[in-house]
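Engineer: Below, each chain spelled out in residue letters.
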Amino acid sequence: MSVRVLSIIPVLFVASILIFVAMRVVPGDPVTVLAEGSPLSVEQRQALSHRYHLDQPIVTQYGLWIANAARGDLGLSLKSNRPVSQILGESLPRTLLLLVGGFFVSLIISIPLGIAAALREGRWVDQAIISLTMFLLSIPLFISCVLAIFIFAFQLGVLPSFGTGEEGGIGSLFVHMLLPWTTLGLALVAVQTATLRAGLVDVLRQEYIVMAQSRGLPWAHVVRRHALRSALVPVVTLLGLQLSYMIVGSVFVDYIFGLGGLGTVLINAVNFRDLPVVQGTVMVVATFFALANLGVDLVASRLDPRYAIR
Amino acid sequence: MRSAEMAETVLARPIAAPFVTTERSRLERALSDRLLIVTGVVIAVYVLVGLIGPLIAPQNPYTSHPGFNFHPPNGHFLIGTDKEGRDVLSRLLYGARYTLLGAFGVMAIAALLGFVYGLITAYVGGWFDSLSMRLFDVILSFPPLVLAIILVATFGPGLYSVIIGVGIGYLPAIARIIRSEAMVQSKQQYVAAAEGLGFSPLRIIFKHIMPNTTSQIIVQASMNLPYAIIDIAGLSFLGFGIQPPTPDWGGMLAEGQRDLLFAPWLVIAPAAAITVLVLAWNIFGARLRRAVDPKRY
Amino acid sequence: MGALLSVEDLSVDFLIDGTPVPALDRISFSIGRGERMGLVGESGSGKSVTARAILGLIQPPGQITHGAVIFDGVDLRRARDHALNDIRGKRIALIPQDASLALNPVLRVGDQMDEILAYHFRLPAGERRRKCVEALRRMGLADPERVMNAYGSQLSGGMKQRVGIAMALVCDPEILIADDPTSAVDVTIQAQILYEFRALTDRLGLAVLFISHDLRVVSTLCSRIVVLYAGQVAEVGSVDDLLGHPRHPYTLALLKCSPNVALRVNPLPMVPGASPDSLRALPGCRFEPRCPRALARCAVEAPTLRGNGQLAACWNPLP
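Protein chains in written order, with my numbering: chain A, 30 to 339; chain B, 2 to 298; chain C, 13 to 331.
No wet-lab data here; the hints were simulated from the structure. Note that this is a predicted model, so its numbers are computed, not measured. Backbone N, C-alpha and C fix where the C-beta goes; we use that ideal spot for every residue, glycine too. Honestly, I wouldn't trust all of these hints.
[To be verified] Far from chain A, some chain B residues (derived; all Cβ distances over 12 Å):
| no. | residue |
| --- | --- |
| 1 | Arg35 |
| 2 | Gly41 |
| 3 | Leu52 |
| 4 | Thr64 |
| 5 | Leu79 |
| 6 | Arg98 |
| 7 | Gly126 |
| 8 | Ala193 |
| 9 | Gly197 |
| 10 | Arg204 |
| 11 | Phe207 |
| 12 | Thr247 |
[Stated by the list, open to error] Derived CB-CB ranges, DEER-like:
| no. | chain 1 | residue 1 | chain 2 | residue 2 | range |
| --- | --- | --- | --- | --- | --- |
| 13 | C | Asn320 | A | Arg152 | 43 to 53 Å |
| 14 | A | Leu327 | B | Lys188 | 23 to 33 Å |
| 15 | A | Val187 | C | Gly138 | 46 to 56 Å |
| 16 | A | Gln115 | B | Met134 | 32 to 42 Å |
| 17 | C | Thr31 | A | His250 | 29 to 39 Å |
| 18 | B | Pro73 | A | Gly151 | 14 to 24 Å |
| 19 | A | Val71 | B | Ser131 | 41 to 51 Å |
| 20 | A | Ser160 | B | Pro73 | 30 to 40 Å |
| 21 | B | Lys188 | C | Asp226 | 47 to 57 Å |
| 22 | B | Gln189 | C | Asn161 | 48 to 58 Å |
[To be verified] Facing chain A, a subset of chain B residues (Cβ under 10 Å, in silico):
| no. | residue |
| --- | --- |
| 23 | Ala45 |
| 24 | Ile150 |
| 25 | Gln258 |
Take these sequences, add in the hints, and give me the full structure.
Structural biologist: Below, the structure is given as structure tokens:
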């Protein structure tokens with residue numbers, strides 16, 4: 030167990046090296062990027078190069094970077110000259126806001142659907158819900174985002190399509206985040222519904238459910254108190270698994286809705302070849318991802334052998 | 002584990018009534034499933050379009066028709082035109098091949114290479130295996146999308162960066178599954194027998210162990226293909242894949258998004274194209290697995 | 013004295029792969045207040061189905077297709093859910109065959125017992141707890157408090173069985189349906205349970221429908237017996253009548269098969285053949301293939317219950 034936990038460190042280490050090297054292998058060299066296309070004299074080139082340590086051997090560059098990173102200094106953005114850590118500090122909370130909200134929305138939708146499907150197993154409600162989940166599973170996230178914007182922002186004009194709305198207070202925040210949360214949440218609904226449905230169907234077949242009925246307990250009570258309690262456990266396990274999937278999804282939702290979270294930052298940085306920012310963001314995402322996977326491995330293999338990864 | 006796998010494992014439970022299998026052959030069961038046939042036909046159509054798209058396109062997808070920009074669908078331009086005045090339908094038909102090419106490219110890397118790698122590392126074991134597993138751990142610490150983004154940031158955008166990036170991203174997961182399957186096989190009697198007979202390791206791996214794992218790789222490849230399609234389209238959407246003016250569904254979506262308000266057909270067409278393909282594939286795969294093995298699926 | 017519970021022409025079908033398979037075929041019997049009645053049959057005869065059908069617990073693919081279950085003047089089959097829930101647990105109680113399956117593993121015993129009382133009576137929590145403890149103690153459980161706090165998995169088989177019975181009795185029902193409560197338990201516990209059963213029913217005046225495959229056990233406890241074969245009533249009558257002079261050949265066969273330790277018979281008598289495993293609608297008497305007294309008529313025409321006081325469904329009953 031502890032081996033698994035510790036193994037994350039070398040992994041991230043090697044990952045950081047890979048990113049670093051990859052960034053430096055860039056054909057179009059960073060100096061040109063920095064100069065934003067304008068021609069440079071040789072001295073200007075050298076000065077720029079020196080300033081960003083690009084004239085040092087790559088190992089030294091890496092060493093410098095790691096040393097700084099350990100102190101929380103991830104360098105400066107080539108574009109805005111702001112500290113990368115500051116940029117990340119601003120964008121990370123927005124991403125977290127998106128993730129948490131997305132999770133909530135997914136549960137709000139999937140739990141009633143899962144229960145409805147299980148209670149009417151085999152009947153048309155169940156079939157309809159299963160079909161719906163199949164459909165939700167098939168729509169790529171970026172498409173559902175664009176469609177959502179089209180329908181709700183443009184056609185109906187009820188919801189905004191850009192930004193987090195954080196400037197306007199809680200109400201504005203909520204209104205602005207509603208679409209992003211929903212589109213992200215919908216991406217998770219399919220599997221959650223399926224899991225809850227299956228678990229509930231299993232539980233409802235148990236003898237103790239019939240016996241509870243035989244004692245004259247109302248059906249709603251039996252489902253709520255006897256069945257749901259057991260059936261919800263695998264869904265909780267599932268949430269951990271979905272976290273890593275969510276992180277990727279959030280990049281898209283973030284970017285499309287212009288939320289200013291990690292996704293927006295990353296995409297813009299890549300387009301601009303803003304190396305420090307790309308490095309920093311990718312490291313954060315990778316760390317997030319690795320931690321999420323780790324958490325899932327630990328929890329899932331403890332609780333439910335069905336989801337054990339190995 | 003991928004969403005579709007999870008959903009399917011979990012959706013496929015035996016129904017309450019005692020399940021009686023009739024004595025029909027797998028082919029009979031498959032052919033009698035209407036949904037299977039329909040989705041199969043849809044997929045075949047897509048593949049066909051991918052192959053002969055350029056031949057049946059009414060216009061040249063690169064040609065702008067000045068004066069006809071943002072023209073809504075009509076008799077001449079069946080799905081309208083985009084901001085350059087290019088025929089959307091033609092672009093759609095041309096674009097099919099890139100989507101399919103991308104998806105198959107990814108599967109070639111992930112499934113084929115993953116297959117071979119998994120087999121070899123399972124049989125060889127030792128330090129090679131350990132090292133490979135650590136390497137996989139590193140790769141797996143990145144979502145495939147991010148890997149592709151890194152490659153794009155390094156080598157520039159383009160179909161190949163994207164295919165290699167996503168392919169490498171999928172490879173470890175598939176290789177791992179093949180590896181565990183192959184390891185089980187390695188311990189079987191027939192492998193020991195083959196070793197005793199002095200067969201070379203390569204022969205044992207590919208002539209003996211491999212055939213027993215092919216069904217698994219087919220399942221893995223078929224289940225991951227829709228995700229490859231989605232990821233490639235997604236990367237093109239972000240501007241990292243195929244570059245305009247080459248028509249590609251993800252890219253068309255990105256372009257269309259900017260002008261969504263007054264030219265919705267620019268978005269709806271590629272969106273529908275991608276979604277229908279993925280949906281058809283998911284349903285087809287699920288039904289096929291059920292026809293082949295009803296008890297399990 | 014009218015019957016407390018009257019099953020009239022009850023039929024239950026199960027839909028297997030599209031075709032309806034009859035599990036119960038027009039069975040009828042009645043139980044009076046305070047009467048102890050036994051329901052005897054081999055596995056597959058429809059005993060458990062009867063118990064569930066009475067309480068309206070038949071789930072798809074099963075379905076009650078015909079008949080009525082009259083309890084104290086009310087047809088349970090036509091009753092609304094609300095009325096049915098009022099009767100279940102409170103006035104008719106079910107004791108399951110395997111109590112270990114009947115307890116919810118994630119809830120405490122005490123909570124499961126408490127909710128029964130909570131739903132049927134308006135009693136304060138303390139009062140409810142007292143009644144539960146009392147019910148457990150009456151079943152011979154030495155430390156009821158500990159049992160209340162325990163989860164099902166922490167109790168032994170015998171204890172679980174008693175908990176099951178206690179839960180059935182906690183509301184002081186008028187009739188108890190015991191679905192083979194002793195077969196899943198070892199012999200010593202079995203004897204204990206039977207003893208306590210008799211004591212309880214004697215003292216409380218409960219009516220009992222005791223379902224079992226064991227004619228001996230039933231005969232020690234009950235005053236009347238219904239014999240079920242392949243989903244149909246073969247014979248019904250008082251214990252004395254059935255044991256003394258059975259009329260249906262199957263009843264006789266059952267009697268002969270019940271090992272009586274005092275009698276050393278060699279070889280052990282068996283009923284030749286097997287009970288019909290696919291209960292599809294057969295034209296004649298279901299027992300006919302195995303019956304030593306079969307007539308030509310028996311294969312063609314299904315017999316009806318005939319007789320006086322002691323009824324048998326047979327064209328050629330024993331005299």
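Engineer: Hint by hint, note whether the structure agrees.
Structural biologist: Status of each hint after checking the structure:
1. Arg35: holds (14 Å)
2. Gly41: holds (16 Å)
3. Leu52: It holds; Leu52 of chain B is separated from chain A by about 23 Å at its closest Cβ, greater than 12 Å.
4. Thr64: holds (26 Å)
5. Leu79: holds (21 Å)
6. Arg98: holds (19 Å)
7. Gly126: holds (16 Å)
8. Ala193: holds (24 Å)
9. Gly197: Answer for Gly197 of chain B: holds, closest chain A Cβ roughly 30 Å.
10. Arg204: holds (29 Å)
11. Phe207: At about 25 Å from chain A, Phe207 of chain B clears the 12 Å cut-off, so the statement holds.
12. Thr247: The assertion about Thr247 of chain B holds, with a minimum of 18 Å to chain A.
13. C:Asn320 x A:Arg152: 43 to 53 Å: Given range 43 to 53 Å: holds, Cβ gap about 49 Å.
14. A:Leu327 x B:Lys188: 23 to 33 Å: holds (28 Å)
15. A:Val187 x C:Gly138: 46 to 56 Å: For Val187 of chain A and Gly138 of chain C the Cβ distance comes to about 54 Å; the hint holds.
16. A:Gln115 x B:Met134: 32 to 42 Å: holds (38 Å)
17. C:Thr31 x A:His250: 29 to 39 Å: With a Cβ separation near 36 Å, Thr31 of chain C and His250 of chain A satisfy 29 to 39 Å, so the hint holds.
18. B:Pro73 x A:Gly151: 14 to 24 Å: Between Pro73 of chain B and Gly151 of chain A, where Cβ atoms are some 45 Å apart, the hint is violated.
19. A:Val71 x B:Ser131: 41 to 51 Å: holds (49 Å)
20. A:Ser160 x B:Pro73: 30 to 40 Å: Given a distance of about 32 Å, which is inside 30 to 40 Å, the answer is holds.
21. B:Lys188 x C:Asp226: 47 to 57 Å: holds (50 Å)
22. B:Gln189 x C:Asn161: 48 to 58 Å: holds (51 Å)
23. Ala45: Violated: closest Cβ of chain A sits about 18 Å from Ala45 of chain B, beyond 10 Å.
24. Ile150: holds (6 Å)
25. Gln258: holds (5 Å)
Checked against the numbered hints given earlier, the structure breaks hints 18 and 23 and satisfies all the rest.
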